[in-house]
Structure formats: C-alpha cells, structure tokens
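Trainee: The chain contents come next:
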Amino acid sequence: MDEYAIGVLTSIGLLSFVAASAYLLLTAGELSFGQQGFFGVGAYSGGIATAMLGLPLPVGILMAMLFGAAAAALVGLSTLRLRGLHFAMATLAAAEMLRILFELFHWQMEVGGETVGPDGTQGFRGIRWVFERGVEPLGFLFIVYGMLAFMVLCFVFLERSKLGATLRALGEDPQLAGMLGIDVLRLKLAVVAAAGALAALGGALFAHHNTYIEPRNFDIMLGVHSLAYALIGGLGTVFGPLLGVALDLGVLEGTRFFQGYRMIVFGGLVALLLVWRPRGLLDERFVHWLRTRR
Amino acid sequence: MIDFIQNTLDGLTAGASYALLGVGFTLIFGVLRRANLSYGPAIMFGAYLATWASFSFKGLLLLAAIAVAGTVLAGVYVERLCFAPHRRGPAAAAMVASFAIWMQLEEFATLLLPRHLYAFPALYEGGPLNFGPFFVRVESLLILLAAVATCIAGWGILYATRFGIAVRAVIDDPRAAELSGINVGAVSLRVFAAASAIGGLTGFLIVASHEQVTPMLGMWSTLKGMLAMMLGGLGSLPGAIAGGLALGLIEAHSQWYLGPQFRDFIAYLLLFALLAARPRWMNTRSAY
Amino acid sequence: MLRVHDLVTAYGKIEALKGVSLEVAQGSITCLLGPNGAGKTTLMMTIAGVLKPKSGSIRFSESEISALPAHAIVSRGIALVPENRLVFPTMTVLENLHAGAYQRRNGFAEDIERLFVRFPRLKERSEQLAGTLSGGEQQMLAVARALMSRPKLLLMDEPSLGLAPLIVEEIFAIIAELHRDGTTIFLVEQNAHMALKVAHRFYLMEQGRVTFSGDPGSLAEDEVIRRAYLGSSKN
Amino acid sequence: MRRLLLLALLVSPAALAQKTDAKLDCKFTGTDFVYDCTIRLNRGGEPLAGAQVTVGADMPSMPMAHNIKPVRARPTKTPGEYRATLDLEMTGEWAVKLRIAGPVRDQLILHYDFTESGTVPRK
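Chain order of the listed sequences is A, B, C and D.
Heads up: the first sequence is residues 5 to 298, going by this note's numbering.
Heads up: the second sequence is residues 7 to 294, going by this note's numbering.
Heads up: the third sequence is residues 6 to 240, going by this note's numbering.
Heads up: the fourth sequence is residues 8 to 130, going by this note's numbering.
Here chain A stands alone, though its shape is the one from the complex (with noise of 0.2 Å):
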C-alpha cells in the first residue's frame, strides 16, 4: 500500500475514535457537540507525556485517556440534569472554553537541546515520538487499528450486556429508566467520562500522527462532524460511526473528479440519506432484523 492510503485508512481510524465517542452519548440519549474538546485534550496531555516527560507512547495514551475522562466528568457533573438541546449546547461552550485554553496554554521545556511544548496558539511542535522509534506509517497504522479493534470488541460486549440494554433505556426515555431503579444520573456522569476518555485517547494518537498539534484543530467543525459520523453510519451498532467516517473520508477520495464540488454532492447526499434512514444507515431496526434472520 503506498503511504497516501495508509495516511487515508489513519485518519478513517482516528476520526472514528472520536466518532465513536459521540455515538456512544447518542445511545444514551445525548447530543453533544463537544467532544472535540475532550479529543484536544488527550492529543495535549498525550503530546505532553511522550515529547515532554519522555513517557513511552502506551503511557502516554492512558494519561490522555485519564485526563479526557476527568474533564468530561467535570463538565458532565455539572450538566447532569439537562436534556436535549441544553445538553449539547453546554457541551459546545465546554469545548469552546477548552479550545480557548488550549490558546492561553504556554508550557515549554528544553529536552534534547530544543525547546518542545504547547506555545498557545502557535500550536504544539515535535511530538515526533513515533518518527524517534522508526515507527514506519504501516505500523502506526496497525497500533491505531489495533485499538480500534479493542475498542469494537468492548462495545460488543457492552451492547450484549445488561449494562448495555440499561444503556439503551436510558437513551429512549430516562424517566421511564429511572422509574425501573437505573441511577440516571450515575449512568449518565459515567457514559459522558467513557465518552471523553474515548475522544481522548483519538486525540492522542493523532497528535502523534501529525506530530504538530494547534487549537484550531479543536474547533466546532470536529465535534459536528463526529457527531454527523455516528448519526449518518448509524445509531444500531458501533460499527455504524465507522462506517460514517469511511463513507466521508472515502468519498473525499473517491470523488478527487469533484474536486470542488465534493461538499455540494456530499452535503445534499447526507440530507437525502437522513430522509430515508433518520437514524442512519445500521440503525436498530436493520440491526434487529440481521440478528433476528439467522
């Protein structure tokens, strides 16, 4: 494979982190229109580990992981209570408020002879750990992947588990939910963190992908976009977000001939796509009905 279709197949698996974690608040019933603030901060706090403290690249992934986790449940603690559009619009000014951070953040250490840290907001340089370790691109590839797969497979699980259709009534109505003895709230606060550590440990990986991280990367654009990805793949399976970030990304490349036009096609397709299936392509009922003909 030439290194133009390892860099696609990379950024179909890092966006699908993210993805994923706007898919697995979906399930519960939430939008959230911010979880690229929980992604910038496990590419800060991954960057940090590996080019500042010298951490080996698994370290640093946990940390990112623990720290997404940790902010989310802050915000999630304090937004426990609302629904629908107030939820997703204290998510939007969360992550905003992360973005503007990341702007104000100067921390910079001389390692090695250089000066290595995030500078506001001309970005974070040199989290080259993955270029230090001859890392080629085909082998960072298979480590995205590889968490990707263990990722699926806890999904899997949950979604078979109790916790899982627990999950689901809570996404369906969680009045009803709580009535039946769910603690709504606990359930919720841990779903939001898992969500963050989710988004976190993409933002890792990719701020050892591109090497370079910048606020800017951390905009709306990318929680919308991930919230797009879970919606239009699919609300029935985990593999629905997959799918969405695949179909964007592939039909990037696959209509390279669009070149200009690739937003007016995709956009009006997207729209059209949502008319037919509101909740995706894999939503529950195609789910149902593939479990149910075997």
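What the hints contain is simulated information worked out from the structure, not anything from laboratory work.
Because the structure is a prediction, the values reported are computed rather than measured.
Honestly, I wouldn't trust all of these hints.
Counterexamples of contact, computed for chain C against chain B with all Cβ distances above 10 Å [as the list claims (entries may be wrong)]: (1) Gln-31; (2) Ser-68; (3) Phe-124; (4) Gln-133; (5) Gly-141; (6) Lys-157; (7) Gln-212; (8) Pro-221.
Chain C regions said to be covered by chain B (calculated; three or more residues, Cβ under 8 Å) [unchecked claim]: (9) 86–95; (10) 101–111.
For glycine and all other residues, C-beta sits at the position ideal for the given N, C-alpha and C.
Given chain A's structure and the hints, the job is docking chains B, C and D onto it.
Mentor: Same frame as chain A, but now just chains B, C and D:
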C-alpha cells in the same frame, strides 16, 4: 467611567445584531422544536449573493433585497429538505441534515466568490456621531433601529393577526393546532421564511457595517445566534433579544477589561454557568 | 354520515386497528366503549387525520377522507375533542377559541357569544391563560374550541376522563344540548353507565376489533360494562 | 522533575540528533489553486540532499478531512532543494506537511497563507 459607558454603548450596538440573529433562531426553534445549524450559512449565502451583485451595482436597497431574497431561498430549501421530513422524527436527524446543508451552502458561496475576503459597499459613508467623550457608529444605530423595528413588527404580527394566533398555537402544541384546523406544515414554512428574511436583513446590515464579507460569516452567525437564543432562555423571543444584548455587553466589557482572547471565553463561560445552574426561566415552554 | 370500513392502522409493525367497520348515523349520538388499549383513541386519531391508516376507507357524507391531512378534515366539518384535552396553555381562553376558528374568515363574534352563553365559566375566564384553568374548565374550553369550527360531526375522546362527578354531569348535559341543536356526536367514553344513558347506538371494541354493535336496549347494561372493562371471555 | 528529564534523555537517544528544518516558497501557476513550490531542506546547518520528500497539505480546522493528495517532490541540481506542484482546494491558510524519508525519517508541518500571487509564511 468613560470607558465603561463607551464599552456599554459598543456592547449594545454589537448586541443588536446578535439579538436579531437570536430572534431568527428562536422563531425557527419555537415552531419546529429544532435548532437550525444552517441558519448562519443561509445568511452567508444571501450576503455572498449580494456581494456578487455589488460588483455591478451599488444600490444599497437593492443589495439588501438580494441578501434577503438569497437567505429566504436558502432557508426554504433547508426547511423542505431537512426539517419538513423530520417533523415527527428524532431531533438529531434534522440537526445533522441541517449541518450537511451548512457544508453545502458554504461551498456554494465559496465557489461563487473563492477569495478569502471581499469588500462590500458601506452602509453609511460619514464618520461616527460623537456627543461628549462618547461616539457611536451610525451603522450600529441603524442595526439597533432594525432590531427594534423587527421586534415591534414581530410583536404586532404575533399578537394582532390571525396568522399570529396560528403561529403561537403551533409553538404551544402542534398536535392541538393540527386538530384546530391549522396547517402546521404551511405555518412552519412561512415562519421559517420570515426568520430567514430577518436573517438576510441582519446579514446585509452586518456586512455593510463592516464593509467586508468573509467565509466565516456562516459559522459566526450560527454560533452568535444560538448563544443569544440560549442566554435568553431557550424559546423566548424577548429572551432572545435580551440574550443578544447581554452577549454584546459581555463581549465588549470582557474584551476591554480582560483582553481580546477572553472575549469569547467569558461568553461561553457565562452560558455554561447559566445552563449548569439551570434556573427555572431557562427552560421556558412558552416562546414569548 | 360517517362510514368506516375495514380500517387498519399500525404503529410500525403493531396493528392497533385490525379491520374496524362502524357507522355513525346523521344526528345521532353514537358511543364507542372498550377496555384500555382496545384502539379507541387510535380510531379517533385516524378519523381526524392525525394518524394515517394502512388500509381501509373512511367515508364522510359520501366522500373519502382517509388520505386527507388533519386540517383538511376539520375544514370538511369534523372536529375532534382529543383525549387529555389539548389546549394552548400560554394563550388566553379567547385566543384558544380564535385558534379553533382558524379556518373561518368571519362570524367569530356571534359564535363566541353563543359559546359563552353555553359555557358561562369560560366567559368569566376569557382573558385568563388556558394553562391556569381547572381540568373541567379546560375540558369545556377544548369542546368550545372544537365547536368554533362549526363541525357537522363532533368526535369526543373520553371527555369525562379525570373530572369530578359534578362536572361529568355538566359535560353530558352539554352533549345532550349539542345533540338537540343537530350536531352528530361520536363519543369514546369510559363511563359506560353515563354514555349508555345518552347514546342511540353503541359499539364495543377489543384489541383493535369491533366485537358488538347495537342500541342500548339490545344488551343488558352489566353485560356491556363487563365486556367494556374486562373484555369478553370467548377469544 | 530533574530525574524524569535525565530518564528522558537516556530513553530516547534519537532525540539527540539535530532537527531538520525547511523553507517553502510557492508561486501561483495561473490555474485555480495550483502552486509551483521549491522546498529547501537543511539539517544541522547543511542542506539535506538525497532525501525522498512527499508534500501534503491540510487545513487547521477539521484536520483530517481536507487532506490533499500528497505529491512526491523532485530533487533539483542544488543539493537540499526540491520542487513540487501542489493542487489545493482553495486559497487561505494551509498547513503544509513534509514527510522526509531516506537518510533521515521525519515529518515537518509548516503554515503558509496561499494567496493569488504565492505563499506568505504564517508562523
């Protein structure tokens, strides 16, 4: 003290455009119970159409009409494709569909005028009015005037006309409205078109007072409009106006006292704190 | 006046109406009884055009209306007083009435006057927000609003639900009065005892099917009540 | 904190090597959004010759969804200088991504404003 008053003036005049955007968003949200992410891009589409027309003629009134017409055209297109099919469906589908059309409208506009920045004929040639140590730009006064006029017109329509009764009925309970013989689809479309007309006018006033058009106008007006709507208590028209003016004041003062990068931060922080505290009036069922 | 033939309405895969056929004669009070979940409200909503039927026909004074949207059916002369009496809470009583007459261009004043005579309590509260009215008053407002569209056929979905007995008496008095003025009424009612006193003809429904039809004398009242609430033992 | 830093030095010997840096200068070719670019690479002071350089570009906002098909740069006569033609989607600010392979493996991201005439460095 002088700075405080001057900032308040600047804040109010900036807040006027936010208030207009907030009113447009609230009308659409009131009738459809959905946020329309394509509201800003539809405004940008109208403004770009007017900019394109301004290469050949400079008549301000004509350009305003083109901006309004362009935005209404884009708005109705969005309503038919993204909101009408999802009237009973999940809210997320309509919002994501409107996001897809946001991308589409922005690409239409940047294809029409690819450059990063375009000049636009000025709304008012003369300098600012100053009285004592303070000064106010005439363009901002015009926007404030437009905001007040729109509110009075909106208030009149909502409270004194048959159509107003139908709109408020649909906002209150679409099912009951349907059973009272009100064509909910037609009312929603007409309110959507009216909100787009307000948006088109707002877009024109903003680009004419800044004398420039950038591709960021779409995202900027969507964010400011939603902020104004939310700050004012979701779904209330006077709330949206108060929210817009408050947003203008917050930004003006935080920019002056804390520095430019804190301008947006404080606005988002206040919205987040308001939502977290979740006061009763925040989630008003009523739309006025 | 209204002839429903083999009507099927489904929510996704679940068929709420499994081929319902019934008739409402001109100028009559026809009543529909049945246990909860028998499909009574679904039937009312389908006739009013809020729900689209899968198959079957609804003929109203010789024209087919099953495909029409709700607002078109109101203009044809059918008005529904819905279950849990949907009113416009943030609009005043008067505005609620105006909303009910949305389809008509004129003649509001006398209608409102006449309704205020019939519903004196509404006259006292005419400037009050509908949301602040009591359950009984909201029910009367819902009936009055439906009457503002001058319907030939009035559908009423459990008007006595959740109301004090005294008010239920008033509601049924109004129904009798409306009947005397020539309005045909199709009534869905839990209160079988009261309903049978005013009805000329009644239908029993269970699990989406009509299981009995006749006039009040044709079946002993306790038998009707047993089958209306407990469902017939046979099926 | 001191100890951690020492550990960092031991753990990543490659970090000791010098850093490659690059300058980019592009001219607008006349057809929409296509630019002719010359890239000068040097490392530790001298020009870095004989490297395979691929040039890609991305937008700061929505980082992975804009990427342009990367092109391989052609070395020129002068050592450490490479040439490539970039076909972008629109004007404005782009983050140019240089992937370097051969004598050294590295990746650099440079920010430029692509205008009607050519490029103006942003950072």
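Trainee: All the hints need checking, so say for each whether the structure fits it.
Mentor: Consistency of the hints with the structure:
1. Residue placement check: Gln-31/C keeps its beta carbon more than 10 Å from all beta carbons of chain B (closest about 22 Å).
2. For Ser-68/C, the condition that its CB be more than 10 Å from all CB atoms of chain B holds, with the nearest at approximately 17 Å.
3. The claim that Phe-124/C lies off the interface holds: its Cβ sits roughly 17 Å from the closest Cβ of chain B, which is beyond the 10 Å cut-off.
4. The beta carbon of Gln-133/C sits about 15 Å from the closest Cβ of chain B, which is more than 10 Å, so the claim that it is off the interface holds.
5. Distance to chain B confirms Gly-141/C as a non-interface residue, since its nearest Cβ pair spans about 18 Å, more than 10 Å.
6. The beta carbon of Lys-157/C is kept farther than 10 Å from every beta carbon of chain B, the shortest such distance being approximately 14 Å.
7. The claim that Gln-212/C is not at the interface with chain B holds, since no C-beta of that chain comes within 10 Å of its own (minimum 25 Å).
8. With a least beta-carbon separation of about 29 Å from chain B, Pro-221/C lies farther than 10 Å from that chain, consistent with its non-interface assignment.
9. For the segment 86–95 of chain C, the stated coverage by chain B is satisfied: 6 residues place a CB nearer than 8 Å to a CB of that chain, which reaches the threshold of 3.
10. Restraint check on the segment 101–111 of chain C versus chain B: 5 residues with Cβ-Cβ distances below 8 Å, three needed, restraint holds.
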